[in-house]
Every structure is written in structure tokens, then in C-alpha cells.
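Got chain A; can you put chain B with the ligand on it based on the hints?
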Amino acid sequence: MATGTLQGPVRFAHPARMPRRGRLPLLAAVLLLLLSLVFPYWQVTLYAPQYPEGLRARVYLTHVGGDAQEITTLNHYIGMPGLDVAAPLERRLAVPLVLLSAAALLLLAARRLPARRWLQLLLRLPVVLLPAVVLADLAYWLWWMGHTIDPTAPITIEPFMPTILGRGGVMQFSTSATFGVGFFLALAASVLSLYDFARGRARG
Amino acid sequence: MKVRTQGVTVVLALALILALALIVRQGTSTGQSLPRDLQELVQARKLTPDQVRAALQTYVPPGQYDEYLMFSSGGQSGQVLVYGLPSMRLLRVIGVFAPEPWQGYGFSKETRQVLGEGETPEEALTWGDTHHPAISETNGEYDGQFLFINDKANARMAVVDLRDFATKQIVKNPNAASNHGAVVSPNTEYVLEATQYAAPFPFGYQPVTQESYNARFRGLATFWKFDRGRGRIDPAASFQIELPPYWQDLADFGKLESDGWVLMNSFNTERAIGGTLQKQPPMEIGASARDMDYLHIINWKKAAQLVAQGKGRVVNGMRVLPLQVAIDQGVLYFAPQPKSPHGNDVAPRGDYIVTAGKLDPNVTVYSFKKIQEAIKARAFSGKDPYGVPILAFDRVVAAQVKVGLGPLHTQFDDKGNAYTSIFLDSAVSKWTLGPPYKNAAEGWKLVDKISVQYNIGHLAAVMGDTVKPGGKYLVALNKWSVDQYRNIGPLFPQNLQLIDISGEKMKLLSNTPVGLAEPHLAQIIPMDRVKAWATYPQPGTNPLTMRPDPQAIKAGQARIVRRGNTVEVWMTAMRSHFTPDRIRVKKGDTVILHITNIERTKDAIHGFAIDRYNINLSLEPGKYETVTFRANKVGTFPFYCTEFCSALHLEMAGYLEVTP
Ligand SMILES: [Cu+2]
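Listed in order, the protein sequences are those of chains A and B.
By the working numbering, the letter at position 120 of the first sequence is numbered 416, and the numbering carries on one by one without gaps.
By the working numbering, the letter at position 549 of the second sequence is numbered 598, and the numbering carries on one by one without gaps.
So here's chain B without its partners, still in its complex pose:
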């Protein structure tokens, strides 16, 4: 009897729970249905459920912040673009290789000095072709402290400090004519650039004939030494490795098990030199004749040791490890790489190297372990014309995965998947890495493919080239937009596409036009890893030294001092006046303005412009900057604040008198 009652109680209790669960489910499902006005809105805009989902996933309400920052190269603008993700809103343009008036970049003495560091003695350079941003790393993870970016056109590398998002240094490669890539070693000891186009070495004139090209042209791997304490590249501690005159292209540093090595692809191992008017094949044909090019396998730690031991020779102030030494000392090996490779990416554990041949439907995956074994066993299939040993292809390849036509670049997620941009197919392919990422049955398989619009170049996943990829989002950087935007003249915007990679299937979320240049690579970092300043923390901070400048002044210390033909002005800026607001100089005087923004409040920014003198500064709170100019134009010139700072912003002005 007692047992039966208990049984009934249990059954009743279960029924009650079931009923409750049903009610709750009903409740939530009614709660999920859209209010009528929203349904009407969705219908009126003819949105599909997927589009509504994408909109909700990427919408960042006013006043809320994005989760990630994306640093994108600014292409021909010579700058860096900073986006918030998932909204894809452009947050900043950082002036790097070209003047950027809003930031006063290239106008103050400090920023002119930075721009000038990278100029050739003959001529000022007013543009750059930024390609590959690289966030500084600690233990193979982005640390959010610095950003490096290369200028392909002029073989320059820049250092951006991510405390104030301003460019601090540009170095010019003394021996290269162009470069490709900026990648950092796992602890940012070095920033590496490849030469891209082989050039006479040492740089100068050599005729473009086959004989001269083979003998006198060279490629280079340049390892810029980064001094993290100073936040600067140290050219004197940097070195280069001389390479055959192939077109060295993209590189990646090994990490974890492959730490100490660099993997770099090359093309035009045919050493084509063009000659369309001489009835020789054009470069594109000549450079694509062979079925294989060379993956360069470089032991950089050994190279650094050899250079430290004095095995390099100094060329134009740069220590260069000669090709023969690199070969003899086991610093340089080649492995065959399918036709016209582009992209060369080391998997998160450092165990695989994924490379793509632009004219091959496969990605080719090399095993670092196999490479090391082949080197030890001297399993060479031959030597290149310069004597570099070539490892036997089948001894070093772990897998080939058919991903589509024209694979280029690969990024990784946190679940053992790889994502490769497919140029000719205009797609992104998702495929699985083999063991230990996935089991043997699941590995090396194409699992998903999504169309993108159109002609994708690079792609960037959240921390997708580090030891700890974040998954979640991927951005396709497409070269053509064709029909994606209403055309506004024949120069079409580039098209950035945000893709959700958190699920099994990739989902396209949004389109973002880039209306100022063609971005190449981008990198995505969680927002909270970047510790940016809201104001310069110490009053009178010089943005180059990042310390208070001895010439910075406090309120009440403004003054004008003439010494011979030099007039020096110590000026303060604060809402809504410059002190002094009247400056009188004589024609021909050298004028030095030391301007301190003595504000402490965030966003209390002032500009400083002088009519006809081509001067505009940006003075953020706490910043000190100098501007120097010859007063070579007679007249009475207004100067004024160019950043709308306050209700009396228009009144924030004064006069510069230049007397005859």
C-alpha cells in the first residue's frame, strides 16, 4: 500500500514537471515571436530570416563597443585602417607612409622626422603601399603593444605604438627595392620582410639581361631587430640573408615545435625577366612555366648566431649573411612547392605549414617534423642553380587537400579547421587539419565552402595566425566588388565581408566597402588586449619619446623669444584660446612653435593650422608638438584651431604677422 502511494506520487510529480516544462516552452516560444511592427519591417525590407539573423549578430547599439579590433592594411593610401568587429565600423585611419592631415602626421617636426626616416636622399616619398600588418606577439599570441606594417613599393617597415595609435618609426631597407610581408617572431625579437622583386645586389644599376639577372640580382630575407623596451627597430642589430633571385613572397615564423625557423614561399624561380617588345614571353608567362617553385626553409636562429659571430658582410650598413655561407651552414633549404605559390601559413601548434599554389587546386601541407627528418637524412632531390639543397617533395609533404581553384592564404580557428581564400572560385574553403587537430578519419577534408563577392585576396580570422586562434569571425578581403555597391564612377570600392565561422557552416554576415584604397592583409585582436591611452597620461608628452618634453609648458608659461633670426614661441592650447594669440616675425625668420595642449579631459582635442603655410597639427590632451618653418611669405596670416573643440571653437584663433 505504502509503496503504491509512493509510486503514484512519483508519477504525479513527473507529470507536473512535464506540464511545467511544456508551459515554459510555450512561454518562451511565444516570447520569441516578433512583434507585428517588426514583422512588417522585415517584410517591407524583404529580408530573409538569415539576413535578419546576420543583422542582429552584427548590430552594435549606440554607446556599446565592438568585441574585436581589426588592423587592416590601407593599401595605396600608405596607411593602416582600424575597424571594430562585428560592426565593421571604421574607427581610425593611422597615418604611416603618407601625410595624414587630421592627425597632423607629416606636419609637426616630430612626425616629419618619422616620415623622413624612410625617404630616399633624392626625393621625398609621399605615398606607400601598405600590405601586411603584424601585431606584436608574446609567446606566439598577439600582445596588442605594437603594430608593424610594410611598404611594398619602397621596401620600408613602420612601427606603430598601440598606446596612442601613432607611427613612431620608419626604416628603409638599404639593399632591397621592394618588399612583401611583415611577420614577427613568436616573441617579436624580429620583424621579417621578403624582397618580393629581386633587384641588383647591392642595390644600384644592373642591366636586365638574363646573364646579369642570374649573376647580379638577388633576393633577401631581412630580419629587422625589434627593441621592445625602446619601441624601435634597431637597424644596427638587424641582418639579412642573401637569397637566389627568385621572387620571395610571403613568410611565416615557425612557432612552438618549429620555433627558430622561417618558412617563405617564392615564385618566378624561372628567373623570367620579361621582354614583351623583344619578342620574349611576358613576365606572367615566363614566371609561370615550371610546375614547382621553392618553399624556402630558413633556420633564422642559426643565421642570427652566424651573423653575431661575424659571418655576415656589411653592405650599406646592414649585416648580410652570404648565400654560400647560408648553404654551407645549413641555414637554407628548399622544398618544391606547387606552381606559383602565394601564402605560407604555419598551423597553431607549429607542426604544419600550409601553402597554396595560385595555379593549383590544392593546398599543400608540409610537416615540420618530416622536414627536419629529411634534412637529417639529407633526402635531397637535387640542388637549385645556386647550390641550395632541395628536399624531396614526397619526404616532406603531409597532405594535399583539394580546396578549389586559385587558393591563396590560410587562417585557422580554435577547432582544428583551416580556412583558405580561393581567388578564382571567389570563395572561402573550410577544411580540416589532420592529427593531432582531428582524428585521422576526419582530417584533411574539405568540409564547407562559401562564395564571396569577389576575387578574394587575403582573409583574416580572429587571431587566426597565432598559437591560439579565436574562431568566431573571419573577414574576406575582396579585390572586386562588381555589383555589390551602386557604382559611383569607375573606381570601385574594395569589399570586406564578415563571415561567421562559429558553426559547422560558414555564414556571410555583412559587406563593408573600402572607399580609399585596396587593403591586403588584416589581423583581428580582442578589443581588451589593446591598452590604448585616452589622453597622454603625463602633461606635455612628446609623442616620439612618449615622455614629457623639456620644452613643454604649463599654463602661464607662454612666451616668445627672439634669438638672431630665430623666433621661438612657447604656446599653450586649451578651450578656447591659444596663448599667445599674436606672433610677429620678420620675413626670412625661422619660426619654432612649441605647442602644448594643457587639457586633461579626454576628447578635448585642438588642431593648429596656419593659412598658406601648409601646417596642420593635431594636439590631443596632454600632447606636446613642435612645428618649424621659414617665414618666407609676407602677410598677416590667421592661425586657428581645426578641431571643433568647444562652443567658442571658431574664436580659438590668432594672427601670425610676417613683416616685410
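Bound conformation, chain A alone:
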């Protein structure tokens, strides 16, 4: 009875033992991840007297929205690069990488893979790490922008590290930076993937 042919069904019978909603965390993670593509991950608002409504840079995984053109225009006075030049590779690769990460989660949700721990972890890893990677990359590019100052610019400023979170200021502008909806969606996807992994382990 304990033949090799029968071992297969036992292993693949795993979904049958788990109720359908057992896949929910992973499917939700996929949904949140894809949704995060259309929301900004981070945004900064610049206030100055002549901009009573403020100027917003909304950083999506794929582009910078909001008043990006106006901020780029203003940046040139202090010799700071435009918002359109930062992170060119990341922007181009964002959609394919997110889709691949999502596909990995779907593969897991299908429960047709060997329950090897390293494989379960590896396939989750991109989604789990995404928020941290985005944050690190954002920090790097902010640093790069603040330290790639054109010395011939009309207004001379010292290189500086723009504020990642909370209040800061440059020239007559005060700034206020926050995470955007996209970041929190990605964070939720990350937590859900981890939770699913932990649950899978607990079940043994």
C-alpha cells in the first residue's frame, strides 16, 4: 500500500487538508502588492509663501508624480538634479520584479511545491524584503540628490541629506515627508507573507 505512487497523493493532498481560506493570506498579499503599484510609496510636501497649497512629490515605484516638474524646475536653481533623473534602473525594473514576486506567491498559494523550508522562504523573500529595500533605495537616492550638487548653479548650497520622514527644510521651503499608501500596502503584503510562512511552520 505504501507505494511510491501513493506517497504523491499524500503530499499533494495537503490542500485538501487545509480549508480553502488557508490560501487567503498569500492571495491577499498578492493583491496588496499589485495594488501598491498605483499608489505612492513615499511623498514629500514642500511649503513656501508663493505655493500656498504646497508642492508635492509623490514617489511611486515607477515614476514621480504630483508637482514633480515644478520641483525639478526649482531644483535647478540650487544645482540639485531633477526628480526625473533619480533611480532610472529601479523605475524600469519595478513592474517586472513586482510581477515576478507576485508570481512566486501565487506559486506558493497553489500548494503544488515541495514543502521545503528554504524554498518556501526563498519564494517569499522578495515580497518580505520589498519595503526595506525600497526604503534603503530611497534613502540612497535622497542622499545622492543632496550630494550631487552642480557647483555652477545660481544658488550655492552645502550638500545635505534630505529628510526621509518628518520635517525638514531647504531655502525658503519647509518640507514634510511621509510614507505613502503604496508603502503600507507593500508592508502589509510583507507581513502577510511572513505570517503565512510562520503558520505553515507551526502546522509542521
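In short, the hints are calculated from the structure, not lab data.
Every residue, glycine too, gets a C-beta built ideally from N, C-alpha and C.
Mixed in with the good hints there might be a few duds.
Unchecked claim - If the Cβ cut is set under 10 Å, some of the chain A residues that face chain B in the computed set are: (1) Y343; (2) Q346; (3) L351; (4) D363; (5) Q365; (6) E366; (7) T369; (8) L370; (9) H372; (10) Y373; (11) P447; (12) P450; (13) I451.
What the hints assert, rightly or not - Straight-line alpha carbon distances no greater than 20 Å define the calculated EDC-like cross-link-like pairs of lysine to aspartate or glutamate that follow: (14) K651(B) <-> D210(B); (15) K651(B) <-> D213(B); (16) K635(B) <-> D652(B); (17) K651(B) <-> E349(A); (18) K603(B) <-> E349(A); (19) K580(B) <-> D192(B).
Relative to chain A, chain B with the ligand alone:
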């Protein structure tokens, strides 16, 4: 016992409520008394309580907006003035019939084309006499999309687009020498102008003798067809009605029950031709001899049909319905109108027509229903020398109301009242319309009169000539200011006066001097009905087509290309540089500059001027414009941004080299 306790409770409760009410009243009344410093300020400035009230009513704190926009004719400036109400602050001057350098109007290729459309072949016209603004209407209400204004001096009509507040088209009347009025039909199918001064028809030379005047001079009612989709008047689809050589003056389109008809006043039905040196009476005497002139009653829908059926004859490219056809087909009737009428206004429901005789103390109110009945009954009191049937006066008049000396124009409010400007008395009279606006006992009565300073011409109430007047404010447009402002030389400003008409009594609120010309009519529209753009929504928008221009460029596409003797430059403007900033051409070259303001931020406006070449453009964010000129002056000419755009605005400059 129980009942008694209840009674006591009720009494106690009532007493408590009364006491509370008293406390509250006391509280609010102490809250209303002015702080001491304000009382001192009022005393120091010697202000009366009414003046303080007026100041508070019209004060618009910094950063807050006015409630209404007023479009006022700019008179001899040839422009349109735009005010905010109740503050009466001047918000814009719109260039229309004269170059307006701030807007670059008349300098770019696009705006020169607009100005040029209205010029005579012989000579460029550099001024106009704007009289009557007309906001486009839908179902008889202002829709805030377009504004029309006439040039009385040169018989022109202009179209202003209220998305960017810029003039898009000027049409020249090919058969008229002057015009008066711009009024729109209830759905803006047509914009109407009357000729004002009769002229040889077709226009050309005819001697000014009585015989020649009677036979060869004519008046015209010109119906300009407006194509709302294109935002342009279509002269080919327009038409005129030939009229006797009286001086047709102001008109109003019928609405609701009188829709399809036009009412137009006329004067000089005496056909006086002056002749002061020939010992003949001057025009003013000759033209005021008769006690009655003629109200023109025109069935315009029928006229349009007849013209569509080919009953018009084409004169200078314009289809004209001959006078005889208009008479035979029942398109044109007259009604006697008291001495030297001016102003002709249809009541909100379209049922009454209010006319004023400048030399008569009454307004005369005609009933549209009675007019129709009289036409049907052929109740004529005679014919004019050209055969136009004249309706019997007493068969068409609904009422006459004595309002004062020299009544001119009438506007309406939302409560069934009419307001008439009284020139000789320097006043505005408020009087009641009859049924169905007021009951029979209350109707047709003078109820209030307020002095204005001085010699009022037109007046404008909030949407005061539409099917839904707004009440609230009225502006008196006064011709003389005399002592109202410290004189600064002998050319005195005109005086606009804002009047509160929300209550029983009219209250004068403020004076506003107009220091650039004599405005005539104005129209007042709620601010939120005008959907103006803050920037051109699509990058590289050509202000004539209102669409992106194929020659507009993006950042990084700037270039200079020479083709034979033509040098073409594609240039971008953004804070704080032009690209390119150096242009070299040879003397005699034709230079074409395509300039795109690639900014997207509101108020990031640039100008573009070249020294000695008489060029100045205004480039609002997203706008594309062309300037074309012959490089006929050798030299190295700076060009620069004329609109202070940024901290490095002065640096926004470059050089045009014109080599020998
Ligand atoms: Cu500039």
C-alpha cells in the same frame, strides 16, 4: 392638586425660557458693540453708520474672492474690463480691438491675425469703441462660456473665450459704417448688432442730401451666426435685415413667451441730416422734432427661415433680407415709441418690453401679448414712408410709469422690480412690474429713487437682463464724476457706483473711478459660472485653436533652422532661461520664432520682448505662440523676459544678432 402643580411647572418653565432669552439677547447685543479702538477709528474718519455698513458689505479680505464678475465695456480703449464684485477691484483688462502689450495682444502672429480680421484693407485700425458686452446664454441664462462685444466706431464684433479670457475673433460688418449693441439670442444662436448711424447701402459714397439720404441710406439689423462648437462667428451663415434709414439703436432678444422676436429702438425717424453751416437745424434739433419714434418689432426666426429659403440677396458676401420682403412677409412691424428712445429691455418672463424715451419722463411698457394680438388684428395706425406697418400705440402699451427725467436703460431683479437709469435727474429709479410679477394694486409704481454721481448712462444688475435675475447688486455707470475724485487734470475719470438692491430701499455702497476710458454697458455673472483655466491644460496650446500646436516643442527640442532667407527658431521658455538664448540672422531675413512656455505651474508666466523690434509676448504656462518679423535693423539686440518670473528673472535674456 396635581393639575395645579403642573400649571406652576409650566409657568416656571416659561419664566425660565424668557429669562434665558433675555440673557442671550443681552449677550449678543453686547457682542455687537464695537471695540473702543474701532469706535475711535470710525470717529476719526468721520464715518456715518451707513458708510461703515457699506464698507463692511464690500470689503473682501485678502485671499478671499469676490462673489461676482462684472464684464464692462472699455469704451474708447477698445478693450473689456473685468471687475470683481462687491469689491469693485479691477481684475483684468482684456485686449480686444486695440493692441494690449501686457497680454502680447497684437504682437504675436496669432493675435495679429485676430486684430487683422477686423481691419479695413486700406488701413490698420488701432482702436475701437467698445459699448455692449454680451455673455453667452443657454436657455436665457448666462452660461459663462463666451463674451461678445461690439466696436461702435468701425462696426465690428469680437468673440472672447472665457476659458482664457482672450479674444479669438473679430468680424467686420461689410455693409455698415457703425454699430450699436451686442445682444445674444436665448441660446446664443445669433449675436445681434444694430447700425446706429444710417449709411449708404451698400456701403460706399452717397451725397448727404435729403433725397439721397431717403433713397440710398439704410439701417441694418445684423444677425451674426455663432458656432458654439468652434467658438466662432460664421459670417457665411449670418444675415442682415434691411431697415429704413433711421438710427437703429439698442435691441433685446425676446425670451420665453417672446422667443423668436427682437425688439429694437430707433431715433432720428425725422431723417435729419444736419447742415449747421447751410442754415439748417443741427442734427440734435432735427433728430428730436417728432414726439414719437419707432420701436422695431422683428420676427427673427422667420427672417432666418426666409434667408435660408434664398429670399435674401448677397451684398458684399452677406445675405441681406430686403426691406420690402421683410414687410411683405410679416417680419417687420413698428410701434410708436416716445421721443428719442434709448434702451429697450425685455422683462425676465419675456412678457413686457420696457423702453425709455430720453426726452420723456416715463418708461413705456409694451405687452408682447398685445403686440401679437394687434398684429393679428392688423390694428395699424398707419405706415412709415417705406411702407412698414405701424401698430396703434394704445393697442400695444401695457403701462407707462413716471420714473424721472431722462430715463435710459432698465434692468430687473428677482422680486419683480425694475431699475431704470435716469440721466437728467442723475438717479436710479426702482419701480414695480405689473402682473404676474406683482399684483395689480402694487404694479407699475415708482417705489424708490436714489441719486447717483452723475449723469448715469447704463446700469447693470446681477444677471439683470436674463430670465433669472439675481438681485443683490446693481452698478451705475456714470458719465460724469465732477467732484467725486480730486481732479487730476481736466480729463475726469468715469464713476462706477455699486448699489445694494437687496432691500426695499436702494443703498449706495461704493465709488470706483475708471481712469482709462468711458465704459458703457456691463454684465454681472456669479463668479462660479465662469470656468476659467489657471494654465493651458495641454502643453503647447495654441491660443487660437485652443489645442496643442504641431510646432510646439518639449524641453530639449529647441533648435534653429535656416531655409533660404527664412530662419525658424523653436524656443522654450521656463524659469529662468530661454533656449536658445543666442540667435544669429542676416539683415533681411524673415525670422519665425515658435515659443513654447513649458511650465505647468500656475502664474509661472514669461514675457518675450526684443529691443527695437516692437515685440512683446505673454507666454502663460502651457501656451505656444509665434512671432514673425523681418530682421530689417542691423545690430545686436537683447531679448528678455518681461514678466518678473523668478529670482533670476533679470537673467532670463539672450541676444539676437542681425549681421549686416
Ligand atoms: Cu521669465
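### Query
Against chain B, with CB atoms and a cut of 10 Å, does the hint on Q365(A) hold up?
holds, 5 Å
### Message
Would the hint on L370(A) be counted as holding, given a Cβ-Cβ threshold of 10 Å to chain B?
### Response
holds, 8 Å
### Task
With a cut-off of 20 Å on the C-alpha distance, tell me whether K651(B) and E349(A) pass.
Cα-Cα ~12 Å, so holds.
### Query
Per the CB criterion, is L351(A) less than 10 Å away from chain B?
The hint holds - L351(A) has a Cβ within 10 Å of chain B, the shortest such distance being about 9 Å.
### Query
When the nearest CB of chain B is found for Y343(A), is that gap smaller than 10 Å?
violated, 15 Å
### Task
With a cut-off of 10 Å on the beta carbons, see whether P450(A) makes it to chain B.
Check passed: Cβ of P450(A) comes within 6 Å of chain B, closer than 10 Å.
### Query
Holds or violated: K603(B) with E349(A), Cα cutoff 20 Å?
violated, 26 Å
### Query
If you take the shortest Cβ to Cβ gap from Y373(A) to chain B, is it below 10 Å?
holds, 7 Å
### Task
Could you grab the alpha-carbon distance between K651(B) and D213(B) and see if it respects the 20 Å cut-off?
With a Cα-Cα distance of about 13 Å, the restraint between K651(B) and D213(B) holds, given a limit of 20 Å.
### Query
Hey, does the Q346(A) contact hint survive, CB to chain B under 10 Å?
holds, 8 Å
### Query
Taking the least C-beta to C-beta distance, is H372(A) closer than 10 Å to chain B?
holds, 8 Å
### Task
Let me know if the C-beta of I451(A) comes in closer than 10 Å to any C-beta of chain B, holds or violated.
The hint holds - I451(A) has a Cβ within 10 Å of chain B, the shortest such distance being about 8 Å.
In this structure, the earlier hints numbered 1, 11, 16, 18 are contradicted, and the remaining ones agree with it.
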